[in-house]
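*Asks:* Spelled out, the chains give:
Protein chains: 2
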Amino acid sequence: MKVAILGGDGFCGWPTTLHLSDAGHEVHILDNLSRRWIDTELGVQSLTPMDSIQERCRIWRETTGRTIHFHLLDLADEYERLKSWLSEHRPDAIVHLAEQRAAPYSMKTDRHKVYTVRNNTNATHNLLAAMVETGIDAHLVHLGTMGVYGYSSVGAPIPEGYLDVEIDTPSGKKAQEILYPTRPGSVYHMTKSLDQILFQFYAQNDGLRITDLHQGIVWGTNTDQTLRDPQLVNRFDYDGDYGTVLNRFLIQAAIGYPLTVHGSGGQTRAFIHIRDSVRCIELALGDAPKSGDRVKIFNQMTETHRVRDLAEMIAGQTGARVAYLPNPRKEAAENDLIVRNDQFLALGLEPTTLAEGLMSEVVDVARKFAHRIDRTRVPAVSGWTRELGAKVDRDPEGKSLRSAS
Amino acid sequence: MKVAILGGDGFCGWPTTLHLSDAGHEVHILDNLSRRWIDTELGVQSLTPMDSIQERCRIWRETTGRTIHFHLLDLADEYERLKSWLSEHRPDAIVHLAEQRAAPYSMKTDRHKVYTVRNNTNATHNLLAAMVETGIDAHLVHLGTMGVYGYSSVGAPIPEGYLDVEIDTPSGKKAQEILYPTRPGSVYHMTKSLDQILFQFYAQNDGLRITDLHQGIVWGTNTDQTLRDPQLVNRFDYDGDYGTVLNRFLIQAAIGYPLTVHGSGGQTRAFIHIRDSVRCIELALGDAPKSGDRVKIFNQMTETHRVRDLAEMIAGQTGARVAYLPNPRKEAAENDLIVRNDQFLALGLEPTTLAEGLMSEVVDVARKFAHRIDRTRVPAVSGWTRELGAKVDRDPEGKSLRSAS
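Keeping their order, the protein sequence lines are chains A and B. Just add 296 to the spot in the first sequence (first one is 1) and you have this note's numbering. Just add 296 to the spot in the second sequence (first one is 1) and you have this note's numbering.
For the record, the hints were derived by calculation from the structure and aren't laboratory data. Ideal Cβ positions, reconstructed from N, Cα and C, are used throughout, including at glycine. Careful, some of the hints might be misleading.
Label pairs and their computed distance ranges (CB to CB) [what the hints assert, rightly or not]:
1) A/ALA666 / B/SER587: 44 to 50 Å
2) A/LYS626 / B/ALA319: 36 to 42 Å
3) A/MET297 / B/SER380: 47 to 53 Å
4) B/THR672 / A/ARG407: 42 to 48 Å
5) B/ASP433 / A/LEU697: 25 to 31 Å
6) A/LYS586 / B/ALA686: 20 to 26 Å
7) A/ARG362 / B/LYS470: 50 to 56 Å
8) A/GLY320 / B/SER383: 52 to 58 Å
So that you can see chain A by itself, here it is in the shape it has in the complex (with noise of 0.2 Å):
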């Protein structure tokens, strides 16, 4: 099938992208290469050393004789240029990954907190009014996050995407189902709690199908496709605002760095490693809900870890010693979270374990690539509220973080 990958740049993007293409799929990508800006914005880079997404595709073409088309467009800001793309392609499919999707990030300051609504939700919204506007029977595949759950757990495993409540009602108590109710924590996260409403509206209002994945914390950097030739490798963030938990405790460790945890470390979270995530995102496009069904909702995720545990494990695997620092963070200091993942488990996922899994990162990736690292940049800095910013004035090393930049 035809298939357009909205952020197919980025880290989530690539990979998928690649693994479509790989399984036989016409693979457009459209992405304004946004998180390229970013990179250049933050003066960091991917550990990795990553060339521009022409030179990937041609490296694909290469590799493997098929053809990645790439289009360079901006989601938020061009609608008339989505709309004629999307009339004149008609894909059968639409992976929408093109939001900003860094939480720190979309914390930082108050020009970041505009910029990721604007972002975000324009872009969500675009592409919803184009698929009306043009007729296109498109199934939309959306990347959302755990986060929109929020973490102050009601003590049940959390659903997917859905709450059975009782009401009181003059008659009785009366049984409904709704959507879980949303607590996001980050400006971020409260761009994909936005886009569920979106989703609910159009499906309902216009039939549009629409698949929304809840996904954990992605760790893990390659693919089966990502590790066919040096120059198709995924990007992999180490910073501390792109860089997600994981990933920064695998850094550190390959650089004698202390493995930085904020507050207690009693934060649970989930997780996934990239190579199931595109293969959840591959599992939602083959399991298409039908015009007037509601918004089909995948917790997209393998285990649950505390922060703390993962700290100590890496630690103890590789030496490294732990860090707590102050938490720039507004959020619960611990909570317990147990989330069902019935539905992909059921379409057949076989999880990559971090216990299987990685070593493997920490060598084939962490190590490898250690001399790119940049250890100015590996703390974590934006605060949730200017206060909650300015407790974090000390990198774990000692060093004053406040005449650094």
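Using the hints provided, position chain B relative to the given structure of chain A.
*Replies:* Structure of chain B alone, referenced to chain A:
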């Protein structure tokens, strides 16, 4: 106190401005005058002859000696100017009415959908981000809509914003209070559902003090203040996009046009007179939440009626006939609606009822300005989907709507 009224040139904004100025507050209007531009776009005008905002402010000063400050500013597009303005003027309260407010307009074409989401969401979020960044401690009062609740009643009265539910957990049933599950019926209503999530986040993360008013359909034209001079008159919209149902019936009756009921007229809606709307905003301003409180939500309505009952009542009083037309909206044909509004009643609101206010509207407004009506602008033609729009092909007098415009 110093109050900023965002959207102070609009239908609710202008009488709110006068009411608060009359009460002795220092009032600043911030408005991009978009509603006047939309009049131009649609080729419609207020039934009542409406002067420029500058002229209206001048008349008010001549009449009362009080000054209303006007600032031309686009909330959605001029973030930096908004921030500078807040930082310089540091208002004690902000009344946010600066959103595109017509459901039919929001569904007119894809361009109108995109505009409505872009304008409303960016406006609200820019305001929240700027309030945090400037560190002002203003109470934000926002005009929302009853439409966020949706109209498929669960059989219990609609509470004020929050719903008590019970959830099954492994250790038994657990009671929880949640934001009422939203089910907006148009792109316009959807933007108010998005606003709710923005408010929840900023109240929680930054301690902003926020009140959200879930308003019913406003009817009526004038308040004590707008009656002080003919040039202070409020706007009155009767066209198919901006005219609200009851005001449209009044105008139709005044010019001998059939009262247009779309569908069975079994839709039950909540109503409030503009006089009470303005008074509610004042009451809400005087009842601010504390920093750290959740968003305070009021239902701002005073009575509920079935649309066909309203039509029959006005037909009975005026001799007009009722025309039942295809419904261009996607909505339940019939619904019950019982709404709680205890909070405003407790604060002393004394509602203007339909029974007492209706005939003065017909005589003092509708008949008085009937010569200004363009009959071709009366039909409601914006369809919720292309199919629904196509069904509305004749006006109630039998003339084709397709050849017109």
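*Asks:* Next step is simple, just say for each hint if it's right about the structure.
*Replies:* To see whether the hints hold, each was checked on the structure:
1. A/ALA666 / B/SER587: 44 to 50 Å: 46 Å, holds
2. A/LYS626 / B/ALA319: 36 to 42 Å: 37 Å, holds
3. A/MET297 / B/SER380: 47 to 53 Å: Check passed, 51 Å falls within 47 to 53 Å.
4. B/THR672 / A/ARG407: 42 to 48 Å: With a Cβ separation near 46 Å, B/THR672 and A/ARG407 satisfy 42 to 48 Å, so the hint holds.
5. B/ASP433 / A/LEU697: 25 to 31 Å: 29 Å, holds
6. A/LYS586 / B/ALA686: 20 to 26 Å: 24 Å, holds
7. A/ARG362 / B/LYS470: 50 to 56 Å: 52 Å, holds
8. A/GLY320 / B/SER383: 52 to 58 Å: 57 Å, holds
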